[in-house]
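Going by numbering that gives the first Met the number 0, the first sequence opens with residue 0, and the numbers climb by one from there.
It is worth saying that the hints were derived from the structure and are not from the lab. Model, not experiment: these values are computed from the prediction. Be a bit skeptical, because a hint or two may be false.
[Claimed, not checked] Think about it this way: if two alpha-carbon atoms lie no more than 20 Å apart in a straight line, the pair counts; the simulated EDC-like pairs of lysine to aspartate or glutamate are:
(1) LYS135 with GLU190
(2) LYS1 with GLU190
(3) LYS238 with ASP200
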Amino acid sequence: MKLATWNVNSLKVRLPHLLDWLTREQPDVVCLQETKLEDPKFPVTELEAAGWRCAYSGQKTYNGVAILSRAPAADLSLGIPGFADEQKRVIAATVEGVRVVCVYIPNGQSVDSDKYRYKLAWLEALTVWLRGELEKYPDLALLGDYNIAPEDRDVHDPAAWKDQVLCSEPERAAFRGLQALGLKDSFRLFEQPDGAFSWWDYRMNAFKRRMGLRIDLILLGEHLAPRCKAARIDVEPRKLERPSDHAPVIAELG
DNA sequence: ATGGCTTCATAGTGAAGA
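Whole structure, please, built from the sequences with the hints as guidance.
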């Protein structure tokens, strides 16, 4: 079973890239973030015609998440129960026995901002909720845009990013809180090249200069991690005209 | 150099992303 996550930065703009990529990569489940579409505008027709089932929760302009799957998705759940949030950032469903949780973790803007405080509160609520979910669903995968670079090796210039948003110690501590639930970073289960990133700023020619961060991740519960046979980042779509600033990330289960 | 690009909502610019 091939799992993937991709922050498409507008599904409307990126639909051609997504359809091409689905054809080439043939995943079984794909989590999307930043669809930026209200539900009536989700491109169900185009995706269903290509053989995908769609579960989605979106809003105008910002945020928006979706799960695409070849097999039916059951027990759909939206948001973090008990955490009031207007922003559409969480969708979960069960596909072929795997509990797929798709998250678009808040960006946080800067470490002294209200958005940063919201990000940390959001992460705390996510962690509390997932503790229970993992008991309910031992075969759980947490995929998405984490907006956290877990370690310095996930950052092109750790000195420049030190204590900045996406790399600050409280954010990384929150990430370790997720790991403490038993979730494993699938990418790090395997030997990987240096300078492996999943996001590059649109400005400054950052992609060509390899100035990126690894912030898009697939974490696997303790039952799923031993089944993981491969994990990688596909940088090819980032080379296209009008790309998303994020690359798709893949984990293959045996 | 605190910008640089891209998207969306808008109708000239501003917010937000990371």
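So, going through the hints one by one against the coordinates:
no., hint, verdict
1, LYS135 with GLU190, "violated, 31 Å"
2, LYS1 with GLU190, "holds, 19 Å"
3, LYS238 with ASP200, "holds, 13 Å"
The structure does not agree with numbered hint 1 stated previously, though it agrees with all others.
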